[in-house]
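If you want the building blocks of each chain, they are given just below.
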Amino acid sequence: MSWLHTWTGLVCGWLVFAIFATGTASVFKPEIGAWTRPVLAAQPDPDAGLQRAADAIRREHPDAVSFTVAPPDGRARDMESYWSDAKGVFGQAWRDPATGAAVAGPATSGGELFYRFHFELMAPYPYGRLAACLAAAFFVSAIVSGVITHKRIFADFFTFRPAKGGQRAWLDGHNLLGVLALPFHLFIALTGVVTLITTFMPFGPVGAYGKDMAAFYADAEPATAHLPAATGRPAPLAPVAPLAAAARASLHGDILRLTVDKPGDASARVIFFRDNSGAVSKSTQAAVFDGATGALLSAPPPPGPAMATYEFLYGLHMAAFAGPALRWLYFLGGLSGCGLIATGLVLWTVARRRKLARPHFGFRLVEVLNAGVVMGMAMAVAGFFWACRLLPAGLADRPGAERHVFLATLAAAILYSALRPQRRAWAELASAAAVLFAGAPLVSALSGGRSLWRSAATGDLAMASVDLTLLALGAGFAFIAARAARS
Amino acid sequence: MVLAVGANYALCALVAAAAGRWLPRLGVARIEAAAAGDLVAIVLLPVIPIFVFAARSAWRPTLAMGGAIAALALAVWAMGPPA
Chain A
1 MSWLHTWTGL
11 VCGWLVFAIF
21 ATGTASVFKP
31 EIGAWTRPVL
41 AAQPDPDAGL
51 QRAADAIRRE
61 HPDAVSFTVA
71 PPDGRARDME
81 SYWSDAKGVF
91 GQAWRDPATG
101 AAVAGPATSG
111 GELFYRFHFE
121 LMAPYPYGRL
131 AACLAAAFFV
141 SAIVSGVITH
151 KRIFADFFTF
161 RPAKGGQRAW
171 LDGHNLLGVL
181 ALPFHLFIAL
191 TGVVTLITTF
201 MPFGPVGAYG
211 KDMAAFYADA
221 EPATAHLPAA
231 TGRPAPLAPV
241 APLAAAARAS
251 LHGDILRLTV
261 DKPGDASARV
271 IFFRDNSGAV
281 SKSTQAAVFD
291 GATGALLSAP
301 PPPGPAMATY
311 EFLYGLHMAA
321 FAGPALRWLY
331 FLGGLSGCGL
341 IATGLVLWTV
351 ARRRKLARPH
361 FGFRLVEVLN
371 AGVVMGMAMA
381 VAGFFWACRL
391 LPAGLADRPG
401 AERHVFLATL
411 AAAILYSALR
421 PQRRAWAELA
431 SAAAVLFAGA
441 PLVSALSGGR
451 SLWRSAATGD
461 LAMASVDLTL
471 LALGAGFAFI
481 AARAARS
Chain B
1001 MVLAVGANYA
1011 LCALVAAAAG
1021 RWLPRLGVAR
1031 IEAAAAGDLV
1041 AIVLLPVIPI
1051 FVFAARSAWR
1061 PTLAMGGAIA
1071 ALALAVWAMG
1081 PPA
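So the protein sequences, as listed, match chains A and B.
Under our numbering, the letters of the first sequence match residues 1 to 487, in that order.
Under our numbering, the letters of the second sequence match residues 1001 to 1083, in that order.
Hints are all accurate, no fakes.
If you want the footprint, here are the derived chain A segments under chain B, 3+ residues with CB under 8 Å: (1) 134-148; (2) 203-215; (3) 299-307.
Across the chosen pairs, the derived CB separations fall in these ranges: (4) B/ALA1068 x A/PRO242: 51 to 59 Å; (5) A/GLY362 x B/PHE1051: 23 to 31 Å; (6) A/LEU332 x B/ALA1068: 37 to 45 Å; (7) B/LEU1026 x A/LEU130: 30 to 38 Å; (8) B/GLY1006 x A/LEU415: 28 to 36 Å; (9) B/ALA1058 x A/ARG352: 21 to 29 Å.
Derived from the structure by calculation, the hints contain no laboratory data.
Backbone N, C-alpha and C fix where the C-beta goes; we use that ideal spot for every residue, glycine too.
The task is simple: from the sequences and hints, build the whole structure.
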């Protein structure tokens, strides 16, 4: 069983670390989005924002046959919107709730970069998602076999002997982090697979529906199924802001997103999807309105037990239900997962180094990837914040350039790790991560972002929290660098 | 070992397919059957390797999985097209 734990941990370790690191950052995706678009202020009236965005999309894209807008909420200050025309050409923009137009200022990936990397790994569909699922499944196996391997696991929780150094200290640290957030690690990995269930395990739907996947998707999201065909008779679209208020009353919850199908046609439908306020589960409930008359047509029935279980597990992973305290617990759980994986990877090399008279290629490769990926991911995350502020505003495909900076930073760290003695590589890369994290708020303040003191003075807690977290991470990596330099 | 990992996934996939095919015949909605089958498969997927590694040799559990795969494939085929 120890063999299973060691090798599943090693094989999937670097990938799971990258997934955990970006997933941990994604807990604060809306706040990171707000940090990357400092021109936006918190909006108190989401319905007015929805109306402005709907008007702007209809004005800018009169050929759109459907469009979707996510309203601002207490956390997100921008509005994600996308639309498609009759030829299936798809467009996407982040909009300012105050005007409905695309957000002014430099284009950016915002919080999407970490979120997308977390489950797509910047690889083409569906390979990145499949790799993420496989890594998560291996990680669950590693956790379960780890619990079986460490028979004294709960006694180990109270045992941390950093002064002993070497393998003992790393094993203690690995056990401590593993037990500290064991239920979190287990459920977050398992529910992560559940969020991509139709990609990773499409055989339940295949068994039930055969080749008729359109019927499966219609049953899975009944609000958008069986929409009427276009009549060809023009009819003005009813104002969406009053409908949003009616939808809230009908759904007994807040609105996650608005979809308008065939705007401007007599058969238009306005669909409001409920968010999961007041419940853990991701909701598929929606209120459907006649787009021409504004009459409420239907609200889909609640899901059955299996779909309700799926929605619960999905919601548990996404943590959209969580308040500020619980979100911080998710964040700390994610950090402990990163620590668990990193200590496990280091332990593999520490346990073998003494036995090897001369390190072979495989051992050296693991050493290089350990320092390169663990510290490189930290540097890449911090590097994104620098790229967001420092890349020229008029750069073509600026969000793409941010992604390139992210990947190039990771690659550079791995290369640096290969060129330096391992202990120095750890210390130097950790120092670089510390400088990048701690420097991000300063670079932001000097390059058009909102400074920490201004955010604090205006009571903008979201913006100040991102800056303070970056500074705290900088201090954490400085501590790691100092310890690595001393060992 | 690669064979055991492949058999593990195939077994879970067939459990999901069999549940998706069989449950609607008991009156369960198709979407419920599909979701239930997939959820059971996802839970089984990381648990099966524990039994493989608990055995002294990986061959015996791999052969057992092969037998289960054959039986489930036959059952899915015998049930015919989706209801």
